[in-house]
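**Q** Given next are the chains, with one letter for each unit.
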Amino acid sequence: MNAPREQIGTETRLKETYIGQSFARPNARRLLEGQAVYVDDIRLPRLAHVVFVRSPYANALIKAIRIGEAQKAAGVVAIYTGAELMTTVKPMHATLVHFKGMKAALQPCLAVDRALWQGEPVVAVVAESVHQAIDAAQLIEVDYEPQIAVTDMETALEPSTPIIHPELGDNLCFSRQIDEGGFEEVSNNAAYIVERIFRFPRHTGVCLEGRSVIGDFSRADKRLTVYISHQAPNMIQDCYARLLGLKESQVRVVCKDIGGSYGIKTHVYGDELATCAIAMDLGRPVKFVADRTESFLSDIHSRDHRVCMKMAVSEDGQIEGIWIDDLLAIGPYSVYPRTSVVEGNQIVNIAGQWYRHKAYKAKMSNVFTNMAIYSNYRAVGHPVAVGATEGLMDAVARQLKMDPVAIRRKNLLNDDAFPYQSPSGMKFESMSHHRCLDRLVEIMHLNDLRREQETLRKRGVFRGLGIASMIEITNPSAQFYGVGGARISAQDGCTARMDPAGGITLLHGCGEQGQGTETIYAQIAAQVIGVALEDVKVITGDTDVTPYGGGTWASRGAGVGGEAAWQACKALRGNILELGSIIHSCERELLDIREGKLVNSFTGEVISDLSELGRIAYFRPDLLGSYQAELSVTKHFVPKAYPFTFTNGAIACHLEVDIDLGSIKLLKFWVVEDCGTVINPQLVDEQIRGAIVQGIGPTLFEQCIYGSDGQMLNPNLVDYLVPMAAEMPDMVIEHIQTPTRTTELGAKGAGEAGTAGAPAAIMNALNDALAPFSVELFDMPFTPQKILRALGKC
Amino acid sequence: MNKTTVRFTLNARPVEVAVEPRMHLIDCLREAFDVSSARVGCEHGVCGACTLRIDGKLVRGCLTLAVQVEGQVVETLERLNETGEISDLQQAFHDRNAVQCGFCTAGMLITSQSYLVHAQGYSRSQIREHIAANYCRCTGYEAIVDAIEFVAKRRGIQSLEENL
Numbered sequence: 001m002n003a004p005r006e007q008i009g010t011e012t013r014l015k016e017t018y019i020g021q022s023f024a025r026p027n028a029r030r031l032l033e034g035q036a037v038y039v040d041d042i043r044l045p046r047l048a049h050v051v052f053v054r055s056p057y058a059n060a061l062i063k064a065i066r067i068g069e070a071q072k073a074a075g076v077v078a079i080y081t082g083a084e085l086m087t088t089v090k091p092m093h094a095t096l097v098h099f100k101g102m103k104a105a106l107q108p109c110l111a112v113d114r115a116l117w118q119g120e121p122v123v124a125v126v127a128e129s130v131h132q133a134i135d136a137a138q139l140i141e142v143d144y145e146p147q148i149a150v151t152d153m154e155t156a157l158e159p160s161t162p163i164i165h166p167e168l169g170d171n172l173c174f175s176r177q178i179d180e181g182g183f184e185e186v187s188n189n190a191a192y193i194v195e196r197i198f199r200f201p202r203h204t205g206v207c208l209e210g211r212s213v214i215g216d217f218s219r220a221d222k223r224l225t226v227y228i229s230h231q232a233p234n235m236i237q238d239c240y241a242r243l244l245g246l247k248e249s250q251v252r253v254v255c256k257d258i259g260g261s262y263g264i265k266t267h268v269y270g271d272e273l274a275t276c277a278i279a280m281d282l283g284r285p286v287k288f289v290a291d292r293t294e295s296f297l298s299d300i301h302s303r304d305h306r307v308c309m310k311m312a313v314s315e316d317g318q319i320e321g322i323w324i325d326d327l328l329a330i331g332p333y334s335v336y337p338r339t340s341v342v343e344g345n346q347i348v349n350i351a352g353q354w355y356r357h358k359a360y361k362a363k364m365s366n367v368f369t370n371m372a373i374y375s376n377y378r379a380v381g382h383p384v385a386v387g388a389t390e391g392l393m394d395a396v397a398r399q400l401k402m403d404p405v406a407i408r409r410k411n412l413l414n415d416d417a418f419p420y421q422s423p424s425g426m427k428f429e430s431m432s433h434h435r436c437l438d439r440l441v442e443i444m445h446l447n448d449l450r451r452e453q454e455t456l457r458k459r460g461v462f463r464g465l466g467i468a469s470m471i472e473i474t475n476p477s478a479q480f481y482g483v484g485g486a487r488i489s490a491q492d493g494c495t496a497r498m499d500p501a502g503g504i505t506l507l508h509g510c511g512e513q514g515q516g517t518e519t520i521y522a523q524i525a526a527q528v529i530g531v532a533l534e535d536v537k538v539i540t541g542d543t544d545v546t547p548y549g550g551g552t553w554a555s556r557g558a559g560v561g562g563e564a565a566w567q568a569c570k571a572l573r574g575n576i577l578e579l580g581s582i583i584h585s586c587e588r589e590l591l592d593i594r595e596g597k598l599v600n601s602f603t604g605e606v607i608s609d610l611s612e613l614g615r616i617a618y619f620r621p622d623l624l625g626s627y628q629a630e631l632s633v634t635k636h637f638v639p640k641a642y643p644f645t646f647t648n649g650a651i652a653c654h655l656e657v658d659i660d661l662g663s664i665k666l667l668k669f670w671v672v673e674d675c676g677t678v679i680n681p682q683l684v685d686e687q688i689r690g691a692i693v694q695g696i697g698p699t700l701f702e703q704c705i706y707g708s709d710g711q712m713l714n715p716n717l718v719d720y721l722v723p724m725a726a727e728m729p730d731m732v733i734e735h736i737q738t739p740t741r742t743t744e745l746g747a748k749g750a751g752e753a754g755t756a757g758a759p760a761a762i763m764n765a766l767n768d769a770l771a772p773f774s775v776e777l778f779d780m781p782f783t784p785q786k787i788l789r790a791l792g793k794c
Numbered sequence: 001m002n003k004t005t006v007r008f009t010l011n012a013r014p015v016e017v018a019v020e021p022r023m024h025l026i027d028c029l030r031e032a033f034d035v036s037s038a039r040v041g042c043e044h045g046v047c048g049a050c051t052l053r054i055d056g057k058l059v060r061g062c063l064t065l066a067v068q069v070e071g072q073v074v075e076t077l078e079r080l081n082e083t084g085e086i087s088d089l090q091q092a093f094h095d096r097n098a099v100q101c102g103f104c105t106a107g108m109l110i111t112s113q114s115y116l117v118h119a120q121g122y123s124r125s126q127i128r129e130h131i132a133a134n135y136c137r138c139t140g141y142e143a144i145v146d147a148i149e150f151v152a153k154r155r156g157i158q159s160l161e162e163n164l
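Those sequence lines, one after another, are chains L and R. Those letters in the first sequence? Residues 1 to 794, by the working numbering. Those letters in the second sequence? Residues 1 to 164, by the working numbering.
Next up, chain R with everything else stripped away, as it sits in the complex:
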């Protein structure tokens, strides 16, 4: 199959790769760039294990073709580790044991961060609603909700429940 060259920014570095047009972004990142934090869970856009950011927006790596990200900025957990942007969230997940097998964790952290960045206020039910985009089969979710709630408080986000 013919390959197409695609150029984009991956974790703050310009990259160029020749891919078959059918190749999914998640496979491209894992196979061509050894980005292992984003994981293949369902390949049909449900489980959220491949969640990453494109131009700052949450995207499923398994529902995006690599050729679609031409000229865009792709960020995975590897980048968030470098910037320290979610170090408080990672610490809260660690302290609260909001991680068991770890397979959902990178996607869950990126989804959680998107909630915290955009939330005008927080509530447990809103957190639950937001992270319903990501499956976790181990924890039962409560520890994850606790960890996100803890960070929301720490970051000075207003509790919506207190306003009721």
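The shape of chain L in the complex, shown without the other chains:
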């Protein structure tokens, strides 16, 4: 593998390095001036608006739909039922072959004959204004015959429970077991078996911008343009083309500014697909924007696990064996095209795998229910895998009267143990658990805080310190989806172009949802080519323009997308230098590009502006003889050496529990994370902070609460609590940098580890705070009521 930082340029150029510097995001200025363009801001001629009548029942037969009155209402353009759309829109079937034995039913874009979750779209009403569509929707009468709803994961597989899809035989979507043998033996010989049951609540992503789409079909061009708030434009292009019966080339997907996504916007949703089918039928643009309550009822939900986990431990605290059994409740369908089983699959892949152990045994079961559809949300599976593992690790420490840091130091994979294949089969290239943990203990002044904790306890103040080690799957290869048959690109592409005036334009398949993706690509270009950051323009989010790519998910924007940008810019730099050597009749090695100028690489003397090279290449190529300049280069990248590249880290939480109120005050978080090469430290830190807060949410506040009839009881922001500024703590972030050798850039993902680690750190801090009462809690969210109940106070 190459050593990138030494490879480009000379000593002089390294002084003005762009990678590793905290540049503000050039594209954030328009957001700060209110000039962002989200889907709802797009104005098109003849735009019609669609709203959906949704099922009020979790499970019901649809006996009749009466639309007569609604059709007569002011402004109504058209009304569509599921049965009508079924003639033009193919149903979605989300199974992947690498999930062996997985089964799922066909999902129509709107309910046909029966509705299987509260919030499933049933009828689409199109009108000249959204208000008219809402008025008309209220005139539609649907006769439902309610059926028994399946809502309890623990009884979903019992014979007495109705089967949601009789053709599937039972309510089991997918089950997987890992057993390489040996767990029973190490258990029998272990000094201790420590076992706990953990619960992780069902919650959702709460993007402030609801899901939004405009379908705009040109009958003249026979082309569908989809303006959509989404993270994976090419995936939408492929799926919509196939589901709507169009050629790939007939679908253009445009993703402008995205108002929050977090994985919620990586899926195909029936209502969004129906909007485009309707636009095709009407021959005029149609817009759908989900309101808040329908977001709660129709965005994907996530988590919702009951996890039993146990560890077989030696007398001196060595973990010998790990066993995990994960039961999770998905919705009535598997969500297209990523499925609804990746979360559980990730959990059995990674639970406990950052600790040395001899035997691993795992089982997970995904059961269908009549709750909202379910799929991947930020840090897929990780908060559960890390939460259960680290919660149990602290339980082991308490039982053995060991220090939580000491037991981790004893069991964490050594920093020099890599490459390493874990008992679950995960391949780790390199990690730095011990360095991260050591540094964490230092920066949080753990010993001082322990002393303070002791002192305060005597005064009736109960503070807790919780530590967790964590890993994060990033830079996924084709092993993630491609091998299963999903047409979701594992590779990404970047076109780097030098324009006539010497500016650099990048076109990239990975887009921007606020992470700073475009900024880091510009930094890569500035450093690799040798130009100023302000001379780099980045274009993303338009399938007509950008190279084919996977988009933004699984923390792949920096590691995979960044490497594509690196390779494209490296090739362009080579071409620019070659052009310079032809024009100036000198050896290419004599030339370098610095600050946008062609210079003598030894003396630094300026030879010409890049604009002069551009002028000749574009306007006077006759001066170049037979030489053809190539100032536009496209390169692609996909990880191949490892299925995934793992980011790792250690996180700590400091909190105070009011034992009379049961409330938790978060005091501080510390994180030491290793995401390899840090391209823009401030942007990485803010990804981690944002991710931590999305981990805090479901640990303390967030839960989609369902009644036994399948009604979500809190589908609004008054009753569904998300973190607000007043309760959030400050967070100290540091980095260890172990660049991955699978790329020249060396970056691993950074957007999800905070979400992975925060729940565990809070749980451990809470149980540490409550240790004097011999009380443990493992049932998230940790509400005041649960804490008071545990303390015997309510």
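One or more of the hints may lead you astray.
Said to hold, decoys possible - Computed spacing ranges between beta-carbons, pair by pair:
#, chain 1, residue 1, chain 2, residue 2, range
1, R, Ser87, L, Asp544, 51 to 57 Å
2, R, Glu70, L, Gln737, 57 to 63 Å
3, R, Phe33, L, Gly283, 26 to 32 Å
4, L, Leu623, R, Arg155, 53 to 59 Å
5, R, Thr4, L, Asp544, 43 to 49 Å
6, R, Arg155, L, Ala417, 51 to 57 Å
7, L, Leu661, R, Asp95, 24 to 30 Å
8, L, Gly283, R, Arg155, 27 to 33 Å
These are calculated hints, taken from the structure and not from any lab test. No experiment lies behind these values; they were computed from the predicted model shown. Every residue, glycine too, gets a C-beta built ideally from N, C-alpha and C.
With chain L fixed as given, assemble chain R onto it according to the hints.
**A** Below, chain R without anything else, positioned relative to chain L:
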């Protein structure tokens, strides 16, 4: 539905519009006047994405009917851009990356400015308390608090923490 004519000052210009009495101010501004900076996030007064100023006071555009602003002065971020009143705050947000997806940003800036204008002194906990009226799902809030604190110092507002 019958429409009512309402006249008010929008971003320093007199405007007149016929609206249904039920129309929310936020929808009126976005649909009738293409004011796009104020955004629809929850439509029940919780998230703060539609925060704007009426007669100088912070108001939720989704909890106000358009007909209620007859004769009043309505200001959105578009106006604050013109006057430059928060250019230091916008710069601080930019430098500190106190913006990610941007959807909450206009509301967050207007709420932040109201804190800075009225604060007799500032503290991080007071800043956090004040901006709790606005949800941000991306940043985790710390960068926003940092940016507001930075501007408070720059504007010469006394730190309450130093006085303790």
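**Q** Against this structure, judge whether each hint is valid.
**A** Hints, one by one, checked against the model:
no.: 1; hint: R:Ser87 / L:Asp544: 51 to 57 Å; result: violated (36 Å)
no.: 2; hint: R:Glu70 / L:Gln737: 57 to 63 Å; result: holds (60 Å)
no.: 3; hint: R:Phe33 / L:Gly283: 26 to 32 Å; result: holds (29 Å)
no.: 4; hint: L:Leu623 / R:Arg155: 53 to 59 Å; result: holds (58 Å)
no.: 5; hint: R:Thr4 / L:Asp544: 43 to 49 Å; result: holds (44 Å)
no.: 6; hint: R:Arg155 / L:Ala417: 51 to 57 Å; result: holds (53 Å)
no.: 7; hint: L:Leu661 / R:Asp95: 24 to 30 Å; result: violated (39 Å)
no.: 8; hint: L:Gly283 / R:Arg155: 27 to 33 Å; result: violated (55 Å)
This entry does not satisfy hints 1, 7 and 8, going by the numbered hints stated previously.
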